[in-house]
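*Asks:* One letter stands for each residue in the lines below.
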Amino acid sequence: MMSPVPGPDKKTKLLVYTIEECPACGQKTKRAFAVGDYVTKEAAKCSKCGNSTRVSLVYAEGQKPSG
Amino acid sequence: MPAPFTISESDNSSRTFKSGFAASIFESPVFVPSSDVLQAVPGFDTSSLVTLIWIAFFALTFLYQTRIQSYLALSEISRGLNKLKVMKDKARKDAIDYLVNVGKAPNDPTQRVDQFLDYVTIMPVDMDPNGLVGKVDHVVTINNDRVRAEVGALLNQNNPVTVSISENLLEVATSLNQIHKIVRHFYLLGKKTNSYFTLVQLQMLMPMIIQEADALLNATDSFKMGQPVGDGIGPVVVSRLMAGKDKRVIAKDTVMAVTEYKGRNLYVLKADGPMAYVGQPGVAIQKIVGEMGVKPSAIVMIDAALKLEGEKTGEIAEGVGAAIGGIGVEKFQIEEAATKAKVPLYAILVKQSLLEAITVMRKEIAEAADKVTQVLNRVIEEKTKEGDDVVVAGIGNTLGVAQ
Ligand SMILES: [Zn+2]
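Respectively, the protein sequence lines represent chains A and B. Numbered by the numbering used here, the letters in the first sequence go through residues 1 to 67 in order. Numbered by the numbering used here, the letters in the second sequence go through residues 1 to 403 in order.
Hints were generated in silico from the structure; no laboratory data involved. Computed from a predicted model, the values in this text were never measured in an experiment. Just so it is clear, CB atoms sit at the ideal spot from N, CA and C, and this is done for glycine as well. Each hint should be verified, as a subset may be incorrect.
Derived CB-CB ranges, DEER-like [to be verified]:
hint, chain 1, residue 1, chain 2, residue 2, range
1, A, Lys-48, B, Leu-205, 47 to 57 Å
2, B, Val-258, A, Lys-48, 27 to 37 Å
3, A, Glu-42, B, Ser-75, 25 to 35 Å
4, B, Asn-101, A, Lys-48, 31 to 41 Å
5, A, Ser-47, B, Glu-382, 36 to 46 Å
Given the sequences, and given the hints that come with them, work out the whole structure.
*Replies:* So, in structure tokens, the structure goes:
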């Protein structure tokens with residue numbers, strides 16, 4: 001679920017992302033934030049090595065113009 | 001309908017004194033508004049009339065400028081006040097909706113929420129400042145416990161994340177309610193007493209007040225979703241050090257873990273996430289230095305700091321001293337503990353605006369986490385040696401940041 005929040009200038013909407021990081025190989029995956037996500041939460045299996053990943057960051061970013 | 005000053009030509013005796021006087025003026029050649037006559041008066045022409053009007057205009061503006069300014073200030077404040085009212089109503093509604101929809105409040109919480117918004121915390125008297133911090137701490141702790149107990153009673157569940165988010169939403173609604181009330185008080189007072197200076201001061205502050213209220217209102221969106229806020233950057237950095245380590249509760253809502261970095265023992269602490277807590281880092285550090293008998297050679301605090309306009313979001317600043325905001329109780333406790341044990345206090349700050357600190361964490365702030373870790377490692381390496389104990393505290397709201 002994407003949650004647009006007003007950006008600093010009210011025109012650009014911010015979208016919130018969750019970053020999952022694999023502690024074994026360092027592979028990072030960026031996906032849309034889902035309610036219930038939090039930093040250090042266990043996430044999906046790593047696509048590279050199969051280890052279970054953890055949420056390393058949750059942040060908001062300005063929407064890209066292309067969508 | 002006869003005009004009031006019409007003179008009956010046939011019957012002069014029926015003239016009253018007033019109408020007779022008026023009639024005599026109207027009949028006199030000077031006051032007949034004819035340009036021929038005006039020009040007939042020496043030194044009086046149309047341009048003089050224009051000049052006269054201008055002089056009158058300037059005189060009036062000069063005499064009544066404060067009145068005019070007051071009027072403009074009143075209308076501007078009134079517009080701001082309406083905005084504030086909309087904001088506080090929205091925050092109240094958001095809180096109630098959250099209590100009902102997510103908190104599954106069994107009964108309609110509206111009445112309790114309205115009582116909550118007007119609840120006051122009376123600060124202790126400061127005429128005799130000796131021991132004041134303890135008293136403030138006592139009052140604030142009573143209030144925090146009360147809030148949690150009341151919110152817990154309102155909800156039909158005891159999920160700590162939901163309870164903590166409800167607490168924060170109610171606090172935002174209370175703050176906005178207070179801001180609206182205070183602005184309204186000075187607006188009405190200025191209007192009633194016609195006090196130019198009250199109104200103009202309020203008018204000057206209004207843009208800043210609206211900005212702050214806007215930031216508070218925006219915070220409700222991040223809180224409802226349980227997203228980490230910009231203020232949570234300290235806990236994010238510290239949570240990485242705590243990952244996989246044994247955690248113990250060291251103070252109310254505050255957890256600590258012991259870890260190791262290049263031969264140093266790190267006592268790492270943060271508020272208990274992913275709840276929207278700030279914890280009691282002051283009590284925690286006092287316990288580590290006191291009860292636990294640890295002799296740290298440095299206390300490093302990582303916190304968000306308000307940036308000045310023009311400074312970049314996510315910029316890192318280093319310093320010395322207790323890096324912690326709030327009303328000052330925690331800061332006092334940390335400073336006292338550090339001074340008593342003669343431990344140097346180091347600060348690592350991540351710059352952000354008020355809006356960024358209380359709304360969902362921006363990318364620039366989140367990406368500063370790696371750099372903060374590097375700075376932290378450097379500080380530990382430079383200021384301490386192998387075998388030393390070091391306290392690392394991640395200060396800030398831990399919403400959405402576990403450990
Ligand atoms: Zn992997």
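*Asks:* Each hint should be assessed against the structure and marked as holding or not.
*Replies:* Cross-check of the supplied hints:
1. Taken as a hint, the range 47 to 57 Å holds for the pair A/Lys-48 and B/Leu-205, whose Cβ atoms sit roughly 55 Å apart.
2. For the pair B/Val-258 and A/Lys-48, the supplied restraint of 27 to 37 Å holds, since their beta-carbon distance comes to about 32 Å.
3. The given range of 25 to 35 Å is broken by A/Glu-42 and B/Ser-75, whose C-beta atoms sit roughly 56 Å from each other.
4. Our hint of 31 to 41 Å for B/Asn-101 and A/Lys-48 holds, since their Cβ atoms are close to 39 Å apart.
5. Look at A/Ser-47 against B/Glu-382: about 39 Å separates their beta carbons, and that is inside 36 to 46 Å.
Against the hints set out earlier in the document, a violation occurs for number 3 only.
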